[in-house]
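> Protein sequence lines, in the order shown, are assigned to chains A and B.
If you count the first sequence from 1, position 14 lands on 14 in our numbering, and the numbers rise without skipping.
Converting from the second sequence to our numbering requires adding 1000 to each position, the first position being numbered 1.
Please keep in mind that the hints were generated in silico from the structure rather than gathered at the bench.
Don't take every hint at face value.
Label pairs and their computed distance ranges (CB to CB) [what the hints assert, rightly or not]: (1) Lys-268/A to Glu-1257/B: 20 to 28 Å; (2) Gly-193/A to Thr-1115/B: 57 to 65 Å; (3) Thr-280/A to Lys-1268/B: 27 to 35 Å; (4) Pro-246/A to Lys-1244/B: 26 to 34 Å; (5) Ser-1265/B to Asp-262/A: 23 to 31 Å; (6) Glu-180/A to Lys-1268/B: 39 to 47 Å; (7) Asp-119/A to Lys-1268/B: 51 to 59 Å; (8) Thr-143/A to Glu-1180/B: 28 to 36 Å; (9) Gly-214/A to Ser-1261/B: 36 to 44 Å; (10) Gln-110/A to Glu-1176/B: 58 to 66 Å; (11) Pro-228/A to Gln-1275/B: 13 to 21 Å; (12) Ser-261/A to Lys-1244/B: 31 to 39 Å; (13) Thr-143/A to Ala-1100/B: 51 to 59 Å; (14) Thr-143/A to Gly-1278/B: 42 to 50 Å.
Every residue gets a Cβ at the ideal spot worked out from N, C-alpha and C, and that includes glycine.
There are 2 protein chains.
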Amino acid sequence: MLAWNTNCDLQETIPDMTEVQDPSSGDVTHDAFLGGRVYVYQPKKGRHRAGLDAVFLAAALPVETTGRIVDLGSGVGTAGFCAAARLPDISVTLVEIDEAVLSLAQKALQDPENTHFADRIDLLHADITAKGSLRHANGLLPTMADHAIMNPPYYEADRFRASPKSGRAGAHMLDERGLEPWVKTAADIVREGGSLTVIFRADGLHELLSVLQGRFGAIDVIPLRPRPDAPATRIVLRAIRASKAPLKLLPGFVLHESEGSDFTSQSKNIMRGGQGLGLTPR
Amino acid sequence: MLAWNTNCDLQETIPDMTEVQDPSSGDVTHDAFLGGRVYVYQPKKGRHRAGLDAVFLAAALPVETTGRIVDLGSGVGTAGFCAAARLPDISVTLVEIDEAVLSLAQKALQDPENTHFADRIDLLHADITAKGSLRHANGLLPTMADHAIMNPPYYEADRFRASPKSGRAGAHMLDERGLEPWVKTAADIVREGGSLTVIFRADGLHELLSVLQGRFGAIDVIPLRPRPDAPATRIVLRAIRASKAPLKLLPGFVLHESEGSDFTSQSKNIMRGGQGLGLTPR
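Just need the whole structure built from these sequences, with the hints factored in.
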């Protein structure tokens, strides 16, 4: 049960990318989310480990959400699984470039604990950042999604250097094109009036707003703060395809109480109770 | 004492611009700020009336601030006066295009209540949005400012239509160039390492970040919310000239208690006690 060990304080720690292991070698953990309503398999080392970020991303979808959700860069499926577990009327397509990671999502779908949503999940092996013709050939089709969610790599290639040993730094590192190809693909696959929800580093707010420009509007920005008085370390941002409605900067969420390591009751309700962030459709 | 009647809830009300009066006609109010440490003269109608926005803008300057502060688009001087009253080691240049309004600032500097800061204020009649050579000829000189503050017009010309009767819609209406000429001028007059502090509509966050791009960094975003659970209606944003430091999204301030119309003690301390927003230099 290591699920909450990673990113527990939403700290900006640079992940260790020097030891990449083949998850088929068996060094895999089995982790519970949403108080046991969701289980995922994660490689112990060498790849991105899902945590709070994936849960908060899934919690941003309003309870009223229906239709097809595409999780762009799904990893082992944590966000997509949590979304499907919360929302009985959605189906979810996990899109991931790393086949070994996608095979762990496939394995988790056989778990008896995941039966209540497993038949509403499908998997797609594709490169989100590929050019349009290649993406379309790979099944990432225009307007295929009612809504997209994404937890893109947090670190820019020019700010942090990935270990040369790491063949799979992709889960942590954006290449030199940054978020542009991610949001371009999202704009292609989401139908008009559908939404894109992203969780990202708070200090990347301007980059994110800049690539959304002209593609998405009606932006809701939700700051996530580790403590009541601390700056946000993450933002959840939800935007509507082709909308011209104004941006809203919402109060956001505080993860921990002022003193000690206790989670706030609000964050416990989200992480363990499967509650949503309270966003409404617009 | 009408000072708090305007924008008290930071509501998005479209100001009445149909009746523009000449302030020399005498229909002017004398309003106290910071618990009586600052007095300004304001036209009763037809021009922008200063309120909370100007006070919060001035409060964003850290207590350690020294040097020359330039208030771009100062109106009758409320923000510049409040800054000078709070900070004994600064001098302030008010820059305003509207001569009638500037004459009210001049009049207020004769007030005995304002003696404690009046000799550290000077006035400059200039068009902030003019092209460089004209600005420079008018006295808006490169690197003249250690810090700039601005409360630019909130409404875009293409979103709201000013009354054709109004000759002075400038205080409320940005022209079709938006914030670009304002921030360009700020970038010209602020020395490297100096700051620009802006108060603006929260839903203009992306526009503001977009024009700051490449000119200012180390951006601190401070949301101002009318109630604890409400979206921000204003943002105060402070940025450092030519810095590459990352953006911070701060917790911000709540103006009113959850119930009723009482101000929070934190906002009272700022509005009546002259306390700062707690920003530190960076």
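> Could you run down the list of hints and mark each one as holding or not?
Hints, verified against the model:
1. Lys-268/A to Glu-1257/B: 20 to 28 Å: Holds: the Cβ-Cβ distance is about 26 Å, inside 20 to 28 Å.
2. Gly-193/A to Thr-1115/B: 57 to 65 Å: Distance hint for Gly-193/A, Thr-1115/B holds at roughly 60 Å.
3. Thr-280/A to Lys-1268/B: 27 to 35 Å: holds, 32 Å
4. Pro-246/A to Lys-1244/B: 26 to 34 Å: holds, 29 Å
5. Ser-1265/B to Asp-262/A: 23 to 31 Å: For Asp-262/A against Ser-1265/B, whose Cβ atoms are near 25 Å apart, the range 23 to 31 Å holds.
6. Glu-180/A to Lys-1268/B: 39 to 47 Å: holds, 45 Å
7. Asp-119/A to Lys-1268/B: 51 to 59 Å: holds, 57 Å
8. Thr-143/A to Glu-1180/B: 28 to 36 Å: Between Thr-143/A and Glu-1180/B, where Cβ atoms are some 34 Å apart, the hint holds.
9. Gly-214/A to Ser-1261/B: 36 to 44 Å: holds, 41 Å
10. Gln-110/A to Glu-1176/B: 58 to 66 Å: holds, 59 Å
11. Pro-228/A to Gln-1275/B: 13 to 21 Å: Because 19 Å falls inside the window, the suggested range holds.
12. Ser-261/A to Lys-1244/B: 31 to 39 Å: Check passed, 33 Å falls within 31 to 39 Å.
13. Thr-143/A to Ala-1100/B: 51 to 59 Å: holds, 55 Å
14. Thr-143/A to Gly-1278/B: 42 to 50 Å: holds, 47 Å
In this structure, none of the earlier numbered hints is contradicted; all agree with it.
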